[in-house]
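Novice: Protein chains in written order, with our numbering: chain A, 7 to 150; chain B, 7 to 150; chain C, 7 to 150; chain D, 7 to 150.
Read the hints as simulated data drawn from the structure, not as lab findings.
Treat the numbers as computed from the prediction; the structure is a model and nothing was measured.
One thing to keep in mind: the hints can contain errors.
Identical copies look the same in the list; a pair holds intra-copy or inter-copy alike.
Unchecked claim - Listed next, the in silico SDA-like pairs over lysine to any residue satisfying Cα-Cα at most 20 Å (straight line): (1) 146 / 91; (2) 149 / 60; (3) 146 / 56; (4) 68 / 96; (5) 146 / 135.
Protein chains: 4
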Amino acid sequence: MSWEYSRRVKYYETDRMGVVHHSNYLRIIEDARMEWLRDNFMSYSELEKMGVIIPTASASGKFVSYLRYDDEFKVIIRLVQFKGVRMEFEYEIINSVNGQLCYTGESTHFFAVDGNYKPYLSFRSKFPELYQKMCLLHEKDTKI
Amino acid sequence: MSWEYSRRVKYYETDRMGVVHHSNYLRIIEDARMEWLRDNFMSYSELEKMGVIIPTASASGKFVSYLRYDDEFKVIIRLVQFKGVRMEFEYEIINSVNGQLCYTGESTHFFAVDGNYKPYLSFRSKFPELYQKMCLLHEKDTKI
Amino acid sequence: MSWEYSRRVKYYETDRMGVVHHSNYLRIIEDARMEWLRDNFMSYSELEKMGVIIPTASASGKFVSYLRYDDEFKVIIRLVQFKGVRMEFEYEIINSVNGQLCYTGESTHFFAVDGNYKPYLSFRSKFPELYQKMCLLHEKDTKI
Amino acid sequence: MSWEYSRRVKYYETDRMGVVHHSNYLRIIEDARMEWLRDNFMSYSELEKMGVIIPTASASGKFVSYLRYDDEFKVIIRLVQFKGVRMEFEYEIINSVNGQLCYTGESTHFFAVDGNYKPYLSFRSKFPELYQKMCLLHEKDTKI
Chain A
7 MSWEYSRRVK YYETDRMGVV HHSNYLRIIE DARMEWLRDN FMSYSELEKM
57 GVIIPTASAS GKFVSYLRYD DEFKVIIRLV QFKGVRMEFE YEIINSVNGQ
107 LCYTGESTHF FAVDGNYKPY LSFRSKFPEL YQKMCLLHEK DTKI
Chain B
7 MSWEYSRRVK YYETDRMGVV HHSNYLRIIE DARMEWLRDN FMSYSELEKM
57 GVIIPTASAS GKFVSYLRYD DEFKVIIRLV QFKGVRMEFE YEIINSVNGQ
107 LCYTGESTHF FAVDGNYKPY LSFRSKFPEL YQKMCLLHEK DTKI
Chain C
7 MSWEYSRRVK YYETDRMGVV HHSNYLRIIE DARMEWLRDN FMSYSELEKM
57 GVIIPTASAS GKFVSYLRYD DEFKVIIRLV QFKGVRMEFE YEIINSVNGQ
107 LCYTGESTHF FAVDGNYKPY LSFRSKFPEL YQKMCLLHEK DTKI
Chain D
7 MSWEYSRRVK YYETDRMGVV HHSNYLRIIE DARMEWLRDN FMSYSELEKM
57 GVIIPTASAS GKFVSYLRYD DEFKVIIRLV QFKGVRMEFE YEIINSVNGQ
107 LCYTGESTHF FAVDGNYKPY LSFRSKFPEL YQKMCLLHEK DTKI
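Just chain A, with the same shape it has in the complex:
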């Protein structure tokens, strides 16, 4: 079972077309990713206190159908790659009421030293338990 995040569309997330502005999907999947981290790994703010951050290296997505104000949606998120310090997530956003697929996307990230924004090459040796946890999460999300 994949992990899910759900909430409703906020008023200020819509634009004059009456639907969620496409830039806000990157914010919505960030919300989902942050809650996934909290639930499965540790909260991002705890990670920051340990001097580790997770910049976004790339993001792409297809805007398949529209979400409107107050629509309830869920984000299905899976950690589809984890190698050393790099990771890739896949997302699907689904309208919770009618089951319609609204967005599919992926984003890549890496563990970095706070204030540096470069891959944290010694992440595995410095944080062996966190590294191990990420491997298990990746395994869980990619097994058939």
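Fit chains B, C and D to the known structure of chain A by using the hints.
Specialist: For chains B, C and D alone, kept in the frame of chain A given last:
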């Protein structure tokens, strides 16, 4: 003559009512205030490099009439108070095409030490020239 | 007992000062007001379906202390005025962990016909039950 | 010569990492695309008045290096595909001061009937001159 800032409404500043979301007026007057600073005083990023920041203490405004996507508008800004480290700005946002008043507001701010967010009590003695400049700007904006 | 809304600060609500950008308080109190409406009155999207909208006429607030990424906060909201079609809400935002007051503000609004943005003068006669409900909510929020 | 859009990073576009939040690159390239339309084709608001809109179908990008508050940048934009009603743009965002590449991305869009959000299949026959103009812009942006 008051100082003016002008630009057009961006698409992502509108909401599903088809008009600028009211929260964005605080962003628009920040844009205007930052450009006022650059033109009359020094750029905010230069100020930050000197270890000085200008937090917002309060803001209020009336949403008089609506701005829509691509509307050209101007922000009239005046420094109506400056005492020690505290300052107050007044704003009017006007539709550049039809002259309609869209927003009136004010905001209060203070000079602070970066990383502290408390009024920079020694601002006048540490930066006598900047202090003097603010006094002159205030005088210019409040003389009848 | 006043009605409360609570959630955590999202990453994209912060700015380079490391705290919630002051414009986002208007979005946070909108979130609170929308949930207050849903819980006490009816959802804003249902109201829109009836052809009624609630534009914001004015808003003001004091930024008392800072909220940072992931801070849990609550918004206390009270309907302090309701006359005909006009209403005023008061807000306090409080850090849920340390009890610190972060923001106090108020906003005024009015019922309007969708697509018109002018006060819905016949609101009371067209929607007598909704009018009555608002009167009761106002009474509840202002009695000592 | 490719068409360019330039401006500075706004304060509220940064996040607590001190850099432009990655979601805002989709807003920045929208700004660029809208100005490209105005300069080369017609303003998006004029297009809307003719009953035509241009939804975003997909977007992807790489966050190569960071932009900070007040950094001046330029967006280079090219119409790399245009077939019937569908179009694809490519973007590069470059720091204007040091020439560093900050972002590369692409987005796909289509002409649609306002209120419908489906490809405007008769766009070519209904707006032959606009169709022809897009073909020329595409030719100009893709010739070696």
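Novice: Each of the hints needs a verdict: does it hold here or not?
Specialist: So, going through the hints one by one against the coordinates:
1. 146 / 91: within (18 Å within a copy, 42 Å between copies)
2. 149 / 60: neither (24 Å within a copy, 40 Å between copies)
3. 146 / 56: neither (25 Å within a copy, 47 Å between copies)
4. 68 / 96: both (12 Å within a copy, 16 Å between copies)
5. 146 / 135: within (17 Å within a copy, 53 Å between copies)
In this structure, the hints that do not hold are numbers 2, 3, in rising order.
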